[in-house]
Amino acid sequence: MRTKLAVAAVVLAVFPWFLHDYGLQVAIQALVLGVFAMSFNLLFRNTGLLSFGHAACFGAAGYTTALLVSKLRWSFAATLPLALVAAALVALVIGFFSVRLTKIYFTMLTLAFSQMLWAVAHKWYGFTGGDNGITGLLPPGLLGNPKGLYYASLVALVLVSGIIYIVRRSPAGYTLRAVRDNPARAEAIGISAFEYMVAAFVLSGTLSGLAGFLHVAWQHSAFPDLLYWTTSAEVIIAVILGGSAEFFGPAIGAVVLVVLEAVVRSHTQYWPLALGMVLLAMVLFFPSGVISLFQRRQREEVPRAAA
Amino acid sequence: MTGLASAASLFLLAVGLSLIFGALGIVNFAHGSFFALGAYFLFALTRGDAAGFWHYLPVAVAASLVVGAVVERVFMRRVLNRAEHYQILLTYALLLIIEDVSKICFGADYKSIGMPKGFEMPVFVLGIPFPSYYLGLVGLAAAAALLLWLFLHRTRYGTLVRAVAQDREMLEALGVNVPLLFTVIFALGIGLAGFGGAVSLPLQSISTGVAVDAVISAFIVVVVGGLGSIWGTLLGAILIGEIQAFGALVLPEFSIAFTYVLMAAVLLFRPWGLLGRPPAVRT
Amino acid sequence: MTRTFTRYFGLMPLLVALTGSAMAQQPPIKIGALNVLSGSFAAYGKSGRQGAQLAIDDINASGGLLGRKLELIQVDSQAKPDVAVQEARRLILNEKVNFLIGIDSSSVSLAVAPLTKEYKIPLVVMHAATPALTEQCNPYVFRTSNNARMDAYAAADLAAKLPYKRWANIGPDYEFGHSSWNDFIARLKEKKPDVEVVGEQWPKGGESNYTPYITALVQQRPEAVFSVLWAGDLVTFVRQANAFGFFKQIKLFEDPVGAALESIGPMGKEAPIGELFSTRYWFLQSQSPVNKKFVEAYHKKWNEWPSYNAEEHYAGVQMLAAAVKKAKALDADAIKKAFEADGGLTYEAPEGKKWMRPADHQVFEALVWGYTTPSNDYPFVVLKDITMVPEKDTVYPTKCK
Numbered sequence: 001m002r003t004k005l006a007v008a009a010v011v012l013a014v015f016p017w018f019l020h021d022y023g024l025q026v027a028i029q030a031l032v033l034g035v036f037a038m039s040f041n042l043l044f045r046n047t048g049l050l051s052f053g054h055a056a057c058f059g060a061a062g063y064t065t066a067l068l069v070s071k072l073r074w075s076f077a078a079t080l081p082l083a084l085v086a087a088a089l090v091a092l093v094i095g096f097f098s099v100r101l102t103k104i105y106f107t108m109l110t111l112a113f114s115q116m117l118w119a120v121a122h123k124w125y126g127f128t129g130g131d132n133g134i135t136g137l138l139p140p141g142l143l144g145n146p147k148g149l150y151y152a153s154l155v156a157l158v159l160v161s162g163i164i165y166i167v168r169r170s171p172a173g174y175t176l177r178a179v180r181d182n183p184a185r186a187e188a189i190g191i192s193a194f195e196y197m198v199a200a201f202v203l204s205g206t207l208s209g210l211a212g213f214l215h216v217a218w219q220h221s222a223f224p225d226l227l228y229w230t231t232s233a234e235v236i237i238a239v240i241l242g243g244s245a246e247f248f249g250p251a252i253g254a255v256v257l258v259v260l261e262a263v264v265r266s267h268t269q270y271w272p273l274a275l276g277m278v279l280l281a282m283v284l285f286f287p288s289g290v291i292s293l294f295q296r297r298q299r300e301e302v303p304r305a306a307a
Numbered sequence: 001m002t003g004l005a006s007a008a009s010l011f012l013l014a015v016g017l018s019l020i021f022g023a024l025g026i027v028n029f030a031h032g033s034f035f036a037l038g039a040y041f042l043f044a045l046t047r048g049d050a051a052g053f054w055h056y057l058p059v060a061v062a063a064s065l066v067v068g069a070v071v072e073r074v075f076m077r078r079v080l081n082r083a084e085h086y087q088i089l090l091t092y093a094l095l096l097i098i099e100d101v102s103k104i105c106f107g108a109d110y111k112s113i114g115m116p117k118g119f120e121m122p123v124f125v126l127g128i129p130f131p132s133y134y135l136g137l138v139g140l141a142a143a144a145a146l147l148l149w150l151f152l153h154r155t156r157y158g159t160l161v162r163a164v165a166q167d168r169e170m171l172e173a174l175g176v177n178v179p180l181l182f183t184v185i186f187a188l189g190i191g192l193a194g195f196g197g198a199v200s201l202p203l204q205s206i207s208t209g210v211a212v213d214a215v216i217s218a219f220i221v222v223v224v225g226g227l228g229s230i231w232g233t234l235l236g237a238i239l240i241g242e243i244q245a246f247g248a249l250v251l252p253e254f255s256i257a258f259t260y261v262l263m264a265a266v267l268l269f270r271p272w273g274l275l276g277r278p279p280a281v282r283t
Numbered sequence: 001m002t003r004t005f006t007r008y009f010g011l012m013p014l015l016v017a018l019t020g021s022a023m024a025q026q027p028p029i030k031i032g033a034l035n036v037l038s039g040s041f042a043a044y045g046k047s048g049r050q051g052a053q054l055a056i057d058d059i060n061a062s063g064g065l066l067g068r069k070l071e072l073i074q075v076d077s078q079a080k081p082d083v084a085v086q087e088a089r090r091l092i093l094n095e096k097v098n099f100l101i102g103i104d105s106s107s108v109s110l111a112v113a114p115l116t117k118e119y120k121i122p123l124v125v126m127h128a129a130t131p132a133l134t135e136q137c138n139p140y141v142f143r144t145s146n147n148a149r150m151d152a153y154a155a156a157d158l159a160a161k162l163p164y165k166r167w168a169n170i171g172p173d174y175e176f177g178h179s180s181w182n183d184f185i186a187r188l189k190e191k192k193p194d195v196e197v198v199g200e201q202w203p204k205g206g207e208s209n210y211t212p213y214i215t216a217l218v219q220q221r222p223e224a225v226f227s228v229l230w231a232g233d234l235v236t237f238v239r240q241a242n243a244f245g246f247f248k249q250i251k252l253f254e255d256p257v258g259a260a261l262e263s264i265g266p267m268g269k270e271a272p273i274g275e276l277f278s279t280r281y282w283f284l285q286s287q288s289p290v291n292k293k294f295v296e297a298y299h300k301k302w303n304e305w306p307s308y309n310a311e312e313h314y315a316g317v318q319m320l321a322a323a324v325k326k327a328k329a330l331d332a333d334a335i336k337k338a339f340e341a342d343g344g345l346t347y348e349a350p351e352g353k354k355w356m357r358p359a360d361h362q363v364f365e366a367l368v369w370g371y372t373t374p375s376n377d378y379p380f381v382v383l384k385d386i387t388m389v390p391e392k393d394t395v396y397p398t399k400c401k
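Protein chains in written order, with the numbering used here: chain Y, 1 to 307; chain H, 1 to 283; chain P, 1 to 401.
Do not take every clue at face value.
The calculated DMTMM-like cross-link candidates involving lysine to aspartate or glutamate, where the alpha carbons are at most 20 Å apart (straight line), are [to be verified]:
| hint | chain 1 | residue 1 | chain 2 | residue 2 |
| --- | --- | --- | --- | --- |
| 1 | P | K30 | Y | E187 |
| 2 | Y | K103 | H | D167 |
| 3 | P | K269 | H | D213 |
| 4 | P | K353 | P | E304 |
| 5 | P | K96 | Y | D21 |
| 6 | P | K117 | Y | E261 |
| 7 | Y | K103 | H | E84 |
| 8 | H | K117 | H | D49 |
| 9 | Y | K71 | P | E135 |
| 10 | Y | K147 | P | E118 |
| 11 | P | K120 | Y | D21 |
| 12 | H | K117 | P | D393 |
| 13 | P | K204 | H | D49 |
| 14 | P | K269 | H | D167 |
| 15 | P | K401 | P | E348 |
| 16 | P | K96 | Y | E261 |
| 17 | P | K292 | P | D333 |
None of these hints come from the bench; they were simulated from the model.
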């Protein structure tokens, strides 16, 4: 495992020097979605809760950066702390209310919250620019240079992975999974799941905010679409495509999704059709994600969160 | 008054979603696509001429039923016992596929037809003209709700449909053909969506892209009313329909956000919906 | 991969065989078109794409540009800014296009515009109408179609000559809807101070139920209603308004693209009769040989009549070609100079003269207004008693230099 990781790290570190300009753009996009997917999976893997509201954290951070840069002329990088705070606050509110619910009710409530935020961004012309968005946010220096942005995203991915690793191995991680697998028993032995689940939601949302920040640095703009439910759907697709049970599954899913999209789009306008076919095949034939194609040992699916 | 007409359309869109969730436990993200598909079928059959509306309506609904049955047999059945996110992913995949396939089959332009026979002229309510077809639509939705209720509560098969939501294994043990029952329920749900799409066609234009918005509206209605509850769906549809009608006039800036606030509030205080039942504890 | 393969091994011999000239050895000039090919506005992307393709075919048939063939690469913007930026980058970096064209929605145009400076690639917008785009004074952004402010001013000039005093508005609740109505009513009040506004209705874009707005309008009893509803929204609105007997009492003043074939086509026989509809181009209006030839060629190739968006894309590509010919080069600065030189490039389009104002790169052109009337020759309503609002009535000052 160690050697594999080391090889992967070296490859990723020298990768940009062998890519043409467009390949580099695709690589950045894949890394940013990878950060988002890893963060999302922190919640999903450890609690079994399927959030349809992560677009809210992602977009809240993105809009915070965009607004601070465009309205208050902050320097781009300086907005990062506040962007993360915004994502954390949004996650706290959504998480606080939502984790009391389970299964589809949780999913629907997170969806409702993030759609609320979308409606605000979409309607509040004076502040967010409405559907015309906020554009022309060219970050100066490192983040404005494609190679620089690539390395920044790579560092973010390593950082997020490290945090998730620590959480997974921590007592809190074991507690969360115990609650996920058998809430009744966890309760019986005196574990109060609520605080742990809110904490997991907030951490997951905050790290998603990091992805939102990088996304705006990459796109140079922010639009209400960042907050729309399809953004949440995209990250879920990446996670499950890669395999949520595997540590780096979500990141690999993000790479597969982004590269596939770039390739398919350059041949046909029917990308949704192609994606639909891939998802169909995945659900029916290799439910543990693409990562299972490279492994002999089949991992178990994430169990259903019990009612 | 006008809110009722959109409530009728919303009810037909959402009731199948509620039925399918109630009995099969599946959250169907492709439900809006089947709504659009029903409208496309009717448009293709009538070739855009309102004269054939009543004639071809049953055919369009039958086609939707068949599509529903096939989709259940080929896809749904394989994810019935799997974790929710696989069901969501599968139905999301269907949404994407149906979207592009209908673009290829029916073209990208707006589909719309005239008022069906017998409803061409407006009626006057307190001196204000009101489209007579809206009353027809309300009637159709009410009839559908009533028939569905009679089916579920007054027929043996309907009892099975309700029972399967409670305890699948017990029905199987009793020798009921549960797989067939699932196919029937799913087809019925899709048929209702197709019916809703077809009868909404004289009022709104259908094009690709309708499905993504429609399914979210359906979710709001069903969640507010109660997942799996027919009358809840009706109540949800009326509430959302009226909120949109009045909100649009009074506070247009907030009417979209307000429906989500309502959805969140219901989920927080009565997660199973206004008229839904708390879920039975399954171990 | 496969694409490169077919290009080199499939297309190249074909091209050589067909032309047999030196032209085939020169790499083609690549034009990347961002149109919406999926979702609610896909019908517009389709006609835009068809118009652009026809122009490219015409130019290639008459020998190409600077001795090189033109190649059109079509991608789907999905009307989503994020997707469009991604696709624009792919076109620029991977397909190595020389120009970006098309763009059907305002938000997409604003999102893509900054890329022109980053990569020094000219962008020619042929549909998106937000005035904000050309107010940015971006050196490499050009718009060869009307913007919403010009359309609103043209509408106000016409409205001032009509007897109606009680006005109301129904428009989609986004920037385009609001800015159009504000511009229109401000200009109308300037020209005709006794105008009275009795109501404003703002359904959301993509609304499926207009009945509350229609009942409200009927109760407010305006004489005329200004509307910039378009696409599927317009079709739905007209259907529902018909059912209310709306048009028996109120004159609809439909700006700026009501008479788009994408909208009046689906309305068919249900379209209201005797209402004032405008469009940026009406295929039966101009009797010029340029127009006749265009309409005929378009119908022959696509088996459809050209809508305004088809013509705007055709004319936009032709205008870009004219600039390239003048510049004798492809780089952004040369193209900019060619568009700006001699008081701004002018071009005789099927719809008439187009003139590009050098300061802000906005084209000015006449706008068509007419009364809808049934037709025996076409499966949709046509315009009669046409008024052309000349381009000079649409000019507004700019801050760009």
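Quick rundown of the hints versus the structure:
no.	hint	verdict
1	K30/P - E187/Y	65 Å, violated
2	K103/Y - D167/H	18 Å, holds
3	K269/P - D213/H	28 Å, violated
4	K353/P - E304/P	24 Å, violated
5	K96/P - D21/Y	11 Å, holds
6	K117/P - E261/Y	26 Å, violated
7	K103/Y - E84/H	8 Å, holds
8	K117/H - D49/H	11 Å, holds
9	K71/Y - E135/P	18 Å, holds
10	K147/Y - E118/P	15 Å, holds
11	K120/P - D21/Y	15 Å, holds
12	K117/H - D393/P	46 Å, violated
13	K204/P - D49/H	28 Å, violated
14	K269/P - D167/H	54 Å, violated
15	K401/P - E348/P	25 Å, violated
16	K96/P - E261/Y	19 Å, holds
17	K292/P - D333/P	35 Å, violated
Comparing the model with each earlier hint shows violations of hints 1, 3, 4, 6, 12, 13, 14, 15 and 17; every other hint is respected.
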